[in-house]
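So the sequences go chain by chain: A and H.
Residues in the first sequence are numbered from 831 upward in steps of one, following the working numbering.
Residues in the second sequence are numbered from 16 upward in steps of one, following the working numbering.
To be clear, the hints were calculated from the coordinates, so they are not data collected in a lab.
Hints are not guaranteed to be accurate.
Claimed, not checked - Sample of chain H residues with no beta-carbon within 12 Å of chain A, all distances over it, derived:
#, residue
1, Ala29
2, Asp31
3, Lys50
4, Pro55
5, Ile61
6, Val68
7, Leu69
8, Ile83
As the list claims (entries may be wrong) - Here are the simulated DSS-like cross-link-like pairs (lysine-lysine), alpha carbons at most 27 Å apart as the crow flies:
#, chain 1, residue 1, chain 2, residue 2
9, H, Lys76, A, Lys977
10, H, Lys80, A, Lys946
11, A, Lys946, H, Lys40
12, A, Lys834, H, Lys49
13, H, Lys76, A, Lys972
14, A, Lys920, H, Lys66
15, A, Lys902, A, Lys952
Each residue gets a CB set at the ideal place from its N, CA and C atoms; glycine is no exception.
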Amino acid sequence: MKSKKYLIPILFVVIGLFLVACAASSKEPAAAAIKAAEESWNAVKGEVVKYIPDQAKGVEDAIKGAKENFDKGNFDAALAAAKAIPDKVKELTAVAAAKKAELAKSWEEMSGGLPKMLDAIKSRLDILSASKKLPGNLDKAKLEGAKGGYEAATKMWDEAKAAFAGGNLADAMAKGKTVKEKAVEVMTTLGMQVPAAAAPAPAPAPAPKG
Amino acid sequence: MADEEKQQGTGSDAWDATQWHVVEKGETLSKISKKYYGDPNLYMKIFEANKDVLKNPDLIKIGQKLRIP
């Protein structure tokens, strides 16, 4: 019984060494997995961040978490986390590509339509500016406000086109949306018909009672 | 205004921003000009925009669809 007592510390040492050896055996695979994860992410990061920034942050956090585990010596956890990242990157790349295609389609429609609205507004403003009187729905202040709105819209439209030319589709779309809203506002002030594609969505009907 | 609403969104191009007016009984280009521009003397702007369908600014027909620039 006495001799067995001496065996216990030895057993602990053996187990400890075994665990250290196991951990050390995960170190290299974990380092390689983190490197692979970073490489897969860096290859597509620019596009993914541009189109789905919120989801892109998830990948950034996952890489950071894997690295933190690695630094703490939690190589198994680091390995598990890092191994999952390339699949997530692949998934987000597809989502970003779909989002890009959707935005490109919307931009194509918008860039064909908005200039028509702006041209129609300019034509009406030119005539109203030459008019000795104004129609009943308009006074001088409203007309001046409409002119200011038109100028702001054309300026922003130029910025939207520049953003598109610079490859920033999301920014171009956001600016284009603002131009559309401004153009609708001006057309409404001038008593003009708003094209169906630019008309604000009708408010949802109230739920029936009872 | 009812004419304007009727015309909204018609046609194949949902972005078409052409402004339309459907001629009603008793209307002249001057009256239409006054309605949209406040000034009847600007009727020639409407005539010029509709030269493909109007030959004479004094001759417009009920139901005729005119562009209002």
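These are the hints, each one checked on the structure:
no.	hint	verdict
1	Ala29	violated, 4 Å
2	Asp31	violated, 6 Å
3	Lys50	violated, 7 Å
4	Pro55	violated, 9 Å
5	Ile61	violated, 9 Å
6	Val68	holds, 18 Å
7	Leu69	holds, 17 Å
8	Ile83	violated, 8 Å
9	H:Lys76 to A:Lys977	violated, 34 Å
10	H:Lys80 to A:Lys946	holds, 19 Å
11	A:Lys946 to H:Lys40	violated, 31 Å
12	A:Lys834 to H:Lys49	violated, 112 Å
13	H:Lys76 to A:Lys972	violated, 33 Å
14	A:Lys920 to H:Lys66	violated, 59 Å
15	A:Lys902 to A:Lys952	violated, 65 Å
When each numbered hint is compared with the structure, violations occur for hints 1, 2, 3, 4, 5, 8, 9, 11, 12, 13, 14, 15.
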